[in-house]
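Participant: Following the hints, complete the assembly by docking chain B onto the known chain A.
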Amino acid sequence: MKIYDHVQNLRARVGTIQILVFVVVAILGVRLYALQIVKGDYYSERAENQRVRLIQIPAPRGAIFDRNGKLLVDSRPTYNIVISNEAFKSIDPRERVDDYSRGLALERQFVVERLNLLKKQHEFESMVLKENVNIADIAWVEAHSLEFPELRVELQPRRNYPLGTTLAHVLGYVGEISPKQLEQDEYKQKGFRPGDIIGKGGLEQYYDEYLRGRPGYRKVMVDSRGRVQAELERVEPQSGQDLVTTIDLDLQLEAEKRLSETPTKRGTIVAMDPNNGELFALASAPSFDPNIFVTGSSTPEGRKQIAAYWQDEKRPLYNRAIQGRYPPGSTWKIPESLAGLQQGAISVEKSNLVCGGGITIGNKFTRCMGSHGAPPLSFAITKSCDGYYYRLALKMGIEGVIKMVEDFGYDKRSGIDLPNEKVPQTPKSWMPYVVKREGKWSDIRTVYSGIGQDTVVVTPISMLHAIAAIGMRGKQYTPHLMREIKPIAAVGNEGESNYFPARQGFLYQNTEPRMLVAADDQWDMIIKGMWGVVNGGGTAGAIRMANFEIAGKTGTAQVAELGKDTGDKKDHAWFVSFAPAYKPEIAMVALIENVGFGGSFAAPASKGVYETYLAKRNREQPSDREVAAR
Amino acid sequence: MAAIIEKRDFRDFDWQTLLIALLISFFGVWQIRNAAPDETYWSKQILGIGIALVGFFFIAFYDYRRLIDLAPVFYAVGLFLLLLVLTPLGHESHGQKAWLKLPVVGQFQPSEFVKIPTVLMLAKYFGERRTSVLRFREMIVGGLIFAAPIALIMLEPDAGQAITYFPILAAVFFLSAIKVRYVVLAVVAVAIFVPTAYIVGVKAGVIKRYQQERINAIIDPDSVDPRGYGYHTIQSVITVGKGGVTGIKGDTETSQSVLKFLPEPHTDFIFAVTAENTGFIGCISLLLAYAVLLTRMISGAREASDRGGMLVIMSIVCGMTFQIFMNVGMALGFLPVIGVPLPLMSAGLSAILSTFIAIGFVVSVKLRRFVN
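Line by line, the protein sequences give chains A and B. Take the first sequence: its position 68, counting from 1, is numbered 551 in my numbering, and each next residue is one higher. Take the second sequence: its position 1, counting from 1, is numbered 141 in my numbering, and each next residue is one higher.
Chain B on its own, in the form it takes in the complex:
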């Protein structure tokens, strides 16, 4: 590997992107500690960041084009892992069989990682030099590449993870010259389909009662039974609101998470913890940090030397943006409660590792912007 890293690599290496990612991660460690001061989640998260950095540098200095070439192998391994989850080797928690417990490696969540092979696979397929608009056949193949992991994840079932795959496909299609009219059509379809599906789903009984209540909690939080399934949303909104302008300044004894009013504070609701502890100032700073990080990644895509690299970066950007929107929207009480982790913030080795690997790709693409 030392042979691959040349002096030039250090000169062109995007240290700033890494720095922002690390800043957000350690801000996250602080919040994880605020969420559960008596637990060891925060120290495990530091360890996780350490491991993630190793993965990051490995990917960043490796030639991403070779990895894209190998995409079918990674993709096959990923699907195999997702299959393994469904076997007795899989580990169940909160009613979802989403984890694998392997010797040496320990416990991890394949659905977090399989995003990357999926991105690479799509990048490989759509990364050829484009001469025409997106063809129907290409859409079918892309859809199939995408559908295989989604189907397996839905079997766990983990709708929250599955939903984070959609923006990847959307980004790839959008940037592979799909006709604008299709884009408009898709947006309109979603705008009509989502409410319709909800109403039909309720009537047909497909949408379960707790799911309904979670949605009602957003539409009209005051009328919802605060003891029922709206509880998470209401507690999260209270926690965020309580933070005010500057937050509770370390008074964790009365914090919503320490008193256990806020559920899952160190993972799904880490943003609410941030809001309670650092207030509006902290939250806006965090959102701006995300904006800067994503913008730097997009600028990397603009400078990419090939389509594959560009597609890898942009699908990662869209995936992360979508996750941030879903997670923070849930914490702020205007999106339903779905278990989507907040990138770089939520505690969890799988999530932090896969995110750093993804950023590693971005840096790798940027690093090779002058190579042809």
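Same shape as in the complex, but just chain A:
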């Protein structure tokens, strides 16, 4: 040290600073060693995890067709605007609300809700901000890619129901899997993830595993704002399998039209081929638009509309054909007639029972609508004589009625390939409750059960299921909507990770029909009575068709006591039928809510569908031989 100082040990002080320099370097070196050598692999992996991202490529769902190849449902490509969560991390949502709502014409409140959801749910990689956007929205996002790098436009196949409310109850709709479903084992095992689209209701739900495709994915490298820099790997998706239904769109449209022309516009018409159970039409009114459920859940208007559907007193979401339970009224007399003959309560030779204008049980008189003397079975059917069936039910006893319920399968679901079918309620199911409460099963209940009231409420589909079997003289087929599931080819290279094997197509496998056993003359007797209902001056004489012999039975389901049955409390009108009477090609059930007598609205509605069917058949299959070959 050159500078001479008395008062300080300058050399030592400079030396201290020199040591300090070495200490600093040593501290930094030790820390470097810890980060790079001890934990190098860990950070290397973290870096990779944050830059490599899997982006799902959604698979289009299979389309749905009617029996003639007319399109009922498809998926069309739409564009969504999504927010990348990774890029959004460093952004204050409040700064963006106004920009998004102005630029994309979204309600401010909706944007706030969406962004709050995004901030809460860390596990999501991205979230849809606006669905099904137009060119202007896409242009806006692209023009602002520097200011809002977190936004991107994504292609997404969207389920499309071109017919709107038509056939809605059969088709169902699709939507994001709910958090509740995600917790159920059934869905867990199949590897569902949040945001997956699944069928909800109808065929969409019932055949979901076939309709649903297998999503592919892209493994991409992204920058800190989630912008894709390079694609590392790509696995193409496999589309879902197409579904061909048994529905004939023309008959379906006619059935829906007929329902809409009734005074209450509420009810159901179901038409089926009794020879195999294929459903030609299944209409339930009022209906709903499945498109609202697909697009609506993300917009305030859509959610309002969905809520309105749920709250509507007319219950548009409810499939009256399989979920509605109504007293069958006089339509119940048809299965009961067969049961009476089978059980020997009456016979072909001696089928007459007294009408008496009604019956007295204890001190209560229950009347018949007319005074029919002591009619034979066919006449009792044609004129719908209540007195006859009061006595038949008493002769059969409640055990006989329960046997009939079992024979016709009213104690089970029909087996239609739709979810949420209801089981009818019958004396069989009521017996334990009634006996528990009242101590015994009283005769008056047996009498009422003879005309399809009181302890009997059935679904229209169960009624069709039974009546078609009468037309087929005992052969009872399961009603169904699926005709064929189409095959789909394999995707990718076998043996590699991107391989999805081909999926087989198949036809509906009809099981052996249930058999209701009766003698030919017994069948003749019942069918003759039903023929008379339309063609022999019966309760539905007004719908007689010259060239097509309909066999049917009207029914009036009492909603309120006699005298109060007006307005909303009017009776439900039934008409069950098949045609032609002795070689049925089509069977039908029509139920119109709260319009009164069955002959006045349900039968004419059915006639419209028969006319459409006939017109179509004559156009398509003019030769008798072909008809006979069915």
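Calculated directly from the structure, the hints in this document are not laboratory data. Note that CB positions come from ideal geometry on N, CA and C, so glycine has one too. You can take every hint at face value.
Derived lysine to any residue pairs resembling SDA-like cross-links, with alpha carbons at most 25 Å apart:
1) LYS905(A) x VAL917(A)
2) LYS389(B) x ILE520(A)
3) LYS319(B) x ASN492(A)
4) LYS572(A) x THR407(B)
5) LYS400(B) x SER628(A)
6) LYS602(A) x LYS348(B)
7) LYS389(B) x GLY523(A)
8) LYS400(B) x TYR525(A)
9) LYS389(B) x VAL535(A)
10) LYS400(B) x VAL535(A)
11) LYS400(B) x GLU630(A)
12) LYS400(B) x ARG536(A)
13) LYS602(A) x ARG349(B)
14) LYS400(B) x ASP524(A)
15) LYS522(A) x THR394(B)
16) LYS572(A) x THR394(B)
17) LYS400(B) x GLU578(A)
18) LYS748(A) x ALA791(A)
Chain B residues, not near chain A, derived (Cβ > 12 Å throughout):
19) TYR181
20) ILE478
21) GLY479
Facilitator: Structure of chain B alone, referenced to chain A:
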């Protein structure tokens, strides 16, 4: 100037110090290129080094004693520039009004340069032959010389720059015979004051929420919200760790800085880029190069022919050491994120120029070690 440079000058010129500084600078250019291969920061940095060399040689061959004599003038000009920054002439970036945009000269950061006048001013005041321990009056005057630029810089506000001034004063006091008990007292005070100030600051709301989070990110990086203000620290640590032993060997396509996970890679976080690209080997080499550079500077101070020269060198050494510690400590995730550039490495004309000028003083002092 040619008259000033004599043959002897070349003989005694400290070429090795210059060589080390240049090596570090060009290593820095390479890292700046790694940080942003598609940008022109690295070529601008080469230009910056060229300009800085001109400044370096000018200062190195000039007699530093004359410059120390002129210190009040430089000091006044420096304060004037710092004032100008606060006028509408000042240019704002990242919420700090720290730059001046002047015609011809272009954009520069006065707070980087004013360090040198401050050092010279302190050297002038404390450079007289010492006969006694540091007196209270001297401490007050020193404090005032120091406080004026600090106050102006805090108005920008640029806490990162302001903080780099403290070691200059500390070095000057320490080497001006401040009593050892005061040194001990200061160290103890800092050890107590820093945590206390933090706790009190949080309670009183003086320390803002983002500042808190930046500090929490160091204390417990795993529990901090990785999307919040701890983001910089976490990304920097990941980047450093990813480098491993040998670095990513030029695979810049997946690098943290190219994918923009690492913020400010060519300036504040240049060390993280170095760590990712060259690994432990590169980083340790760089730290050793700094150690050699600083050691050579300290040896220059030991050989200085007067107190003023010694003080100039030592305050520059302390300033640089402190900056290296703050910057690398931040990159390694154990010091809070404060915008302190890494000397000779971080991109930026002002920083590289002022650093080379500072080294120029060191060389100038060394060059005149035999002159009396």
